[in-house]
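Following the hints, complete the assembly by docking chain B onto the known chain A.
Number of protein chains: 2
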Amino acid sequence: MSEILVVGSLAYDSVQTPWGKVERALGGSANYFSLASSLYSRVRVVGVVGEDYEAKDFDLLKSRNVDVSGMTVQKGKTFHWSGSYEGDMNEAITHATDLNVFEKFDPVLPEHYRDSKFVFLANISPDLQLKVLEQVKAPLFVGMDTMNFWISSKIDDLKKVLGKVDVVLINEGEAMMLTGAHNAIEAAAKVCAMGPKALVIKRGEYGFVLYTPKEGFFILPAFPVDKVTDPTGAGDTFAGGFFGHLASLGRKPEVADLKMACVQGTLLASFTIQDFSVKALAKVTLADIEERFHRMKKVVSFL
Amino acid sequence: MSEILVVGSLAYDSVQTPWGKVERALGGSANYFSLASSLYSRVRVVGVVGEDYEAKDFDLLKSRNVDVSGMTVQKGKTFHWSGSYEGDMNEAITHATDLNVFEKFDPVLPEHYRDSKFVFLANISPDLQLKVLEQVKAPLFVGMDTMNFWISSKIDDLKKVLGKVDVVLINEGEAMMLTGAHNAIEAAAKVCAMGPKALVIKRGEYGFVLYTPKEGFFILPAFPVDKVTDPTGAGDTFAGGFFGHLASLGRKPEVADLKMACVQGTLLASFTIQDFSVKALAKVTLADIEERFHRMKKVVSFL
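First to last, the protein sequences are chains A and B. Using numbering that gives the first Met the number 0, the first residue of the first sequence is number 0, and each one after it goes up by one. Using numbering that gives the first Met the number 0, the first residue of the second sequence is number 0, and each one after it goes up by one.
Simulated from the structure, these hints should not be mistaken for laboratory data. Don't take each hint at face value.
[Unchecked claim] In the DSS-like style, the derived pairs of lysine-lysine whose C-alpha atoms are separated by at most 30 Å in a straight line are:
#	chain 1	residue 1	chain 2	residue 2
1	B	K251	A	K297
2	B	K251	A	K226
3	A	K158	B	K226
4	B	K297	A	K251
[What the hints assert, rightly or not] Now the stretches of chain B that chain A is said to cover, found in silico as 3 or more residues with beta-carbon under 8 Å:
#	region
5	209-222
6	225-231
7	242-254
Quantities reported herein were computed from a predicted structural model and do not represent experimental measurements. Note that the Cβ used here is the ideal one computed from N, Cα and C, for glycine as well.
So that you can see chain A by itself, here it is in the shape it has in the complex (with noise of 0.2 Å):
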């Protein structure tokens, strides 16, 4: 097993959805990251949080042996995100976007972090994605998330960002705007084009398509779920049992771990959206897990 190393936000998100509401409620991608992925493997997260940042919610990674090392707490409060979802689940719409004190973040790894072996650049400015991936030695296998915010104003840098990556999870909105195709299929290749030897998009209730240039697609819907509670959180959900499934393994992905590891990522996913906030995720074990694995295997099959 290799240690999984991550950047992102840590949050607190104040959410209405058909069915109910949340104040505060625990957020960010790199919450939802950390908890999926450290079913699988160690995970080390760096972000930064405020003065208001609770003990319990320190608690929760330490309960999962997550190191909180990197997590260093500033002056001022944590980044808010208060929105709504409306008649689209697959859509949130942003009330408000308190950034606090994520907007002056300044990611320094603790010394014993560099030589983290999996990487997971959540969806942070591409700037401060490549300032965290310089301070690692060896990284083995490495993945970006984005948002068309940083495709339309910092797109120079994203490039930067791509072009050192192994794999990116992206939804299907932004890989059609990355690269001006007009479905998920043809911005596939695109994507791979600018560096990266694999790309996952990201389709909420649609699942999920993964491509290598090597082997071609890799696309299954999500697992059914009826009732989707609030889907805040889902992708990166997705993302962290992508990578905690690779870095179980603990050795340079081949296409066939990807499958796997995409479908770890969207099985995690259908038990987040089932609660509010990580609610739902925070419980999750492996054993829910494998369940779910077996009757997806059955959702699919035709033979």
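Just chain B now, with coordinates in the frame of chain A:
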């Protein structure tokens, strides 16, 4: 092998997409369905055309051994639909719907059609769907399509049809509108509670969902196509491949048969969208489908 009866529209379509346009090209649900299903089985069409309907368009169906004796020519013009696809290739923008002779369509089955064992009621008014069904003596397996317009304007008749069919093939928005569900998964059991023993939700580029109360979900993505030239007719092609496969087995379908029928439908639709009108569909062979079948297995296999 059993014979399939299909009732639906026979039309000329004027379509514009980012990849070009066609004027008054052959279209209509019954044409797409017949071309698809006739690859597997004998097909009988019921429909109406105007005096402008061209001999070559009759000949195309005849060349596939499709029985066109139930196609009547009425004084006036053939149904004409005009539309375009812009950013979102999953949704057509309708510019004009000229019903013409289709407005007074009164389906009467030729005597020798009445023993048909497989019946597909494409998207026409539910009272006409009922009228067709009443003329069939002892159908073995009946399927239907519908659309938002009938759900909002003729829900009582529509519910009568739903109570008489074995399978419904509709798109995701229609399934949610019909049931008030928030997603396709939630909608599935609710549609089947209205009568049908099986539901197929067509998801365009995201594939399909098959649900049976007996065995639950079978879900696959669409076969990956990087250039969607014209998605018109994809749903009717799916239905044609689906029914064609089932009728070729010539028995009351089991759930495993429905799964394979969905795969055939999705593969055939992947050809239809690669050219305008019925151009690609008219050229597809069973060998072409077989080739994509093997590639599709690889696209969704992870063990």
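Each hint tested on the structure:
no.: 1; hint: B:K251 x A:K297; in the structure: holds (23 Å)
no.: 2; hint: B:K251 x A:K226; in the structure: violated (33 Å)
no.: 3; hint: A:K158 x B:K226; in the structure: holds (25 Å)
no.: 4; hint: B:K297 x A:K251; in the structure: holds (23 Å)
no.: 5; hint: 209-222; in the structure: holds (count 6)
no.: 6; hint: 225-231; in the structure: holds (count 3)
no.: 7; hint: 242-254; in the structure: violated (count 0)
The earlier numbered hints that this structure contradicts are 2 and 7.
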